[in-house]
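Trainee: As a plain string of letters, each chain reads:
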Amino acid sequence: METAAIHTYGLTRRFGALTAVENVTLSVAPGQFFGFLGPNGAGKSTTIKMLTGLLEPSAGRVEILGQPFDAGALDLKRQIGVVPEGMALMGRLTATEYLHFVGRMYGLDRKTTDRRTEELLDFMQLSNENKKLVTDFSHGMQKKLALAAAVIHGPKVLFLDEPFEGVDAIAAGMLKTMLTGMINRGATIFLTTHVLEIVERLCSHVAIISQGRLVANGSIEELRAGVASTLPGAAQEQRLTLEEIFLSIVGAGGGQEQAQELSWLA
Amino acid sequence: MAGVGAAGVGGGGADGLGEPAPGNAINAGGVLGPLARAQYGALARLRWQMFTNGLRSNKGALELGARTFSFIVYTVMGLAVGAGAAVATYFLVSGNQWRFLPVLFWVLGFIWQMIPVMLASFQEQFDLGILLRFPVRFGSYVLLYIVFGLVDVSTILGGLFCAGIWFGVAAARPGLLLWISLALALFAAFNILLVRAVFAWIERWLAQRKTREILGAVFMVGLLSLQLMNPAIYEKRHSGRSGHQEQAEQLRAAKARYAPLLKNANAVQKWLPPGLAAQSLQQAVAQQPDAGLGSLGLLGVYVLLVGGILAIRLKAEYRGENLGVAPSRVVAVAGRGKAAVNAGIPGMAALDPGGEQMIHGSGPIAAIMEKDVRSLLRTLPLLYAIGAPLLLVLVFSSIFIKNGAVQTPVFPLALPICMVYAQLGFTQIFYNNLGTEGVGIQLYFLSPTPMRTVLLAKNILHSFLFAVVALVAGVLTALRVGIPDIAVVAATGAWLLFSLPCNLAAGNIFSIKMPYRVNPGRISRQRGSQANALLSLLVQLGFLAIGAAVFTLCWYLDRMWIAVPVFLALAIVAVFVWRQVLNNADALANERRDVLMATLMKAT
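As they're listed, the protein sequences go chains A and B.
So the numbering used here is basically just the index in the first sequence, starting at one, shifted up by 54.
So the numbering used here is basically just the index in the second sequence, starting at one, shifted up by 9.
Quick caveat, the hints were computed from the structure, so don't treat them as lab data.
Beta carbons: idealized from backbone N, C-alpha and C, even for Gly.
No false leads were mixed into what you were given.
Here are the computed lysine-lysine pairs in the DSS-like style, where the Cα-Cα straight-line distance is at most 30 Å:
id	chain 1	residue 1	chain 2	residue 2
1	A	Lys-230	A	Lys-186
2	A	Lys-186	B	Lys-324
3	A	Lys-185	B	Lys-324
Pair ranges (Cβ atoms, derived):
id	chain 1	residue 1	chain 2	residue 2	range
4	A	Gly-70	B	Gly-396	38 to 48 Å
5	A	Gly-64	B	Leu-546	42 to 52 Å
6	B	Leu-73	A	Gly-280	51 to 61 Å
7	B	Asp-603	A	Asp-163	31 to 41 Å
Chain B extracted, bound-state conformation:
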């Protein structure tokens, strides 16, 4: 049996079953060596097989349809953005407006970094953790991480934006093709690595209780800071009531006041990746190839730096780091009497079936809510889903602020629109409310607690969470864009009373019929469901359309109060439907239990 002990990776002889010999084992090599290539091939085959096997079920076909549709939508969006970028680039380059070119790169960078933040919950990414048990080199692991990460919305939009800039430069100055190709390649690499590095590190920080608390505190301080800016906003609002001429004067004064600041900002941004990418073109045009190469070189250093930061995180993952967290509360275990054990656990079970029962069956509801709160505090995607709407409201409420001043009178639909953003953020929570249960889903079918009670408990908890988020979002909106009319507040409240049960009812059906497992330790790399995301969005758009029609009509008639009784009447219907869905939850869950368990118990 010579050679058995020395068998290399891959083992096996020429026919796979013969005497193992080092010479017949696949040579490990580097990240592009024979073993790595064989592994890439196997992984590609695995992905393909998973894809084709997924098509065997109706759900898989639906998923493919949803993915295709999403891909088309994002591509169309990307083409529109890319076309805009091409036109803008053409005019800037042909008009020698080099000082404005960095703006395009900054916008590109912003899109590349912000899209994943907004869509993290909906994107499916392959979890490479499954590879750790195989002899995969670290370099291969990194390469696969990056390559698999390319298939996402930010890369599609960013790539098409890059293509737009490339075509714009090519049309305006063909002599710059080499420069723009190099600059865009480096800038794209920087963005791809940065977005992954940011997510990887945020996940690491959020996985630790202390850093999670620190980040939470930073977030709160950020919100408070924005609120403290309101005296300035109010000041602007009052001055904003003056005429156009006065406004123009104020603008000129502001320009004069902020010019030194802008100059300093411009000097700084030149040393940052978007500025360096744009600057390299300007330097090439100015016949300064050395300086241009220097800019590109510095951009390359940024790429290496970000890649290094990402690699540190991936190295820890590669070594098998577990992002699972210990609970904050230390349960006292000392001093427990062992007498209870000796008192006979073996006997306890058999003849004491009920213990003292909770009155009116309220126990399971409280238990589920308590359990969900505990799980929520340790489940990054859900914490993210709850926090993200506030960020969205913060960002999108700025569209109602023109020239740094709040519009007067306050745009009447600002509050309901901000509430829509807040509600959209809860999509994952409402429409996949069993997604974090994992193998624990079995317990709901084993226990005497009906699924109706389980969903009711979840609905109550989620409604409470949404109420808190909606309240904070409302306060934020009022502080950002001004206090809306009381009729608008009442109408918005009534609309929420209508839309919330609608979403809960639809969400319960989706959660049973189209569930997907949520990886509790990750924000990114979720194996989400495009079909669930797309269809739930369509359903919500339906509810929003009803709301929008009523709001717009009442606004047009200048009778916002009318919306209140209309929404309240609709809310009564919605609550009735929600109750019906709850009453049918057990039948639906029993009918779907095989799929439900198979999906949620699937290893991530």
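So here's chain A without its partners, still in its complex pose:
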């Protein structure tokens, strides 16, 4: 049996009386592009923080590449790259300086760091922004830089928390190409995003979390078949989009009705 790239067992995180993530058990195979979906406040970022060592689980455990992972697993940290929720940028550096710093923090030598920094900045089209400090970057530019920093050390497992938020269409296309290339070469990617079209296009497998609990897990086709089977008669034949699957699983809620009640909005 192949060792999972990411495996969680009963992952739970409580903040006082609130249970943000409850008993999440999932497995991501090597080379998989895995989409982790959920409504706002469902527990996606909390889960990704626990998976990357930014947050200690209240219960359960995490394995990365078959080894137990916690904040002290330094060798394993060399194998993973992360674009966290806050992007982990350092505002008083330029993009080059920041990537140099990150590369060396991951143990790359200066020469390799220099080369990869230059390549990544070119690829991300940030080379011409080198006079600016990171703090003066637009949100999209910061996202691109955060992604560059996440891959500079060539991770085998990549965790991305909303990497496409605020990124323009051209850059998003580039990023998708890059991520697909990584998958083709054997990397594993764990992605959270609210842009379901991207997940549908890129990811082979999806898990959905709602109110801290894992409510669906499998390939998109499996989820599609599962949801379709609950639909009446002829509706089972139509090909559901991921958005329809997602809404069906987590429930559309009363959002549309509520929006109509806000009659004072233009």
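The hints should help you fit chain B onto chain A, whose structure is shown.
Mentor: Relative to the frame of chain A, chain B by itself:
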């Protein structure tokens, strides 16, 4: 849907959800109009909620305790200063010693301006930048800037000093109450506006590389000038060895020599705010109300002038000016081959995890130090924290100089005392060494570099910076008060070897357990931590007490050499403790990572 397009600020109907109509929107008005008042109310409520919410955690309660304690200490200090001012004013006014009254106002002004310089790192001020996205009028912005700025140490001390002068005049000459009230109100307004204007403009200048270099050069020239004064100081030192009678003669000669200069200085100071405030009272007593009003009017002009200078700066901030600076070094980007891109970045990542590794893990230490140096050069509060100790040494070393001459023999504890000032200046750097990381703190937890290495790199860099500052401070002290005995130099060096690892060890613990975010673009308006400041000061006082006990004992025994082995023995223990703290840094950081990240990633 009539009226939707014309919805005013505030929108909403009577119940907040109805059809928007201009008539139902809050009328904007002026700085005291309905909208502004609603905004002040909302802001006051926000501050109150932030305060009460802060009390939910132990840290918040500790912070409140520290703030209360600080407030009491400053108030007691202010009351003492105010009482002194009241007594002095009473005797000067009742004795008609009007020519000395301006001195009190000058002292008051000095305190008002100097306190923020010394305490800027420790004071919390609300960053009004968050208001810029709301429809806040410029007048309201200025008003809030001034009102929020009132809650600081300089205002407490200055206000109590003013109260002292007021009571002194009221007791000596009740007929002057109106005059002194007006004069003090205007003088207080002048000081409040001046201190904010000075800080606001210094921040603006320091935010630009060129002006930062110019100010740095001016600072260096100032230091060099002081050093060039030493031949004069030495001359005085030699002449200072003569007897009391000769000294008295010299004093008389100096008075005669400097009398014209003092007369000119007095003529000038009469036209400056402290002189005008004092002069208005004298003119009122002399039954010259027109002249008195003229003095107060001129003082009012100064207030308007300083207010205008501050307003220019605030206007730029109000328009959304960003004090972020571009780096000085232009990295060449031209001519880079795009071939590398085409060579396949997408593939680079997956199967090349390590690259060439740095030997013995020295890479991260160098990287962190390099990064911190770059950040330091662009972070005003830290540059200030490093430069301020030298100013403090310069100012406080003068207490060892009497009548313009160095005491002979040189006071043996002058050097260690000046080193204490230098070290106290590094409090923020030692005790909050992660404070400037911001959201970047996440990287330390994500990367394979242990926190031990991160703190070690920071400790090495900070030790180097402190060594440089201590060396400069030592040279300054020697030039100002004379070259100390070699035993004192050795003992001071040994004491530093003891106190530095102590501070680094304690600082590492504080940095993880009680961090606070440093706003890199500001000297003032930091959201500091009174608890961190107060407790770190107490810890340092503990280390200082050990040092003081050893120094005093050795001085008393006239065997300063004994201090050297004592401090070296203590230094060995201190280094051991420091190493232990470093070894436990990862466990401590992991235990506190939630709070650490939440605190440092908090928006300023």
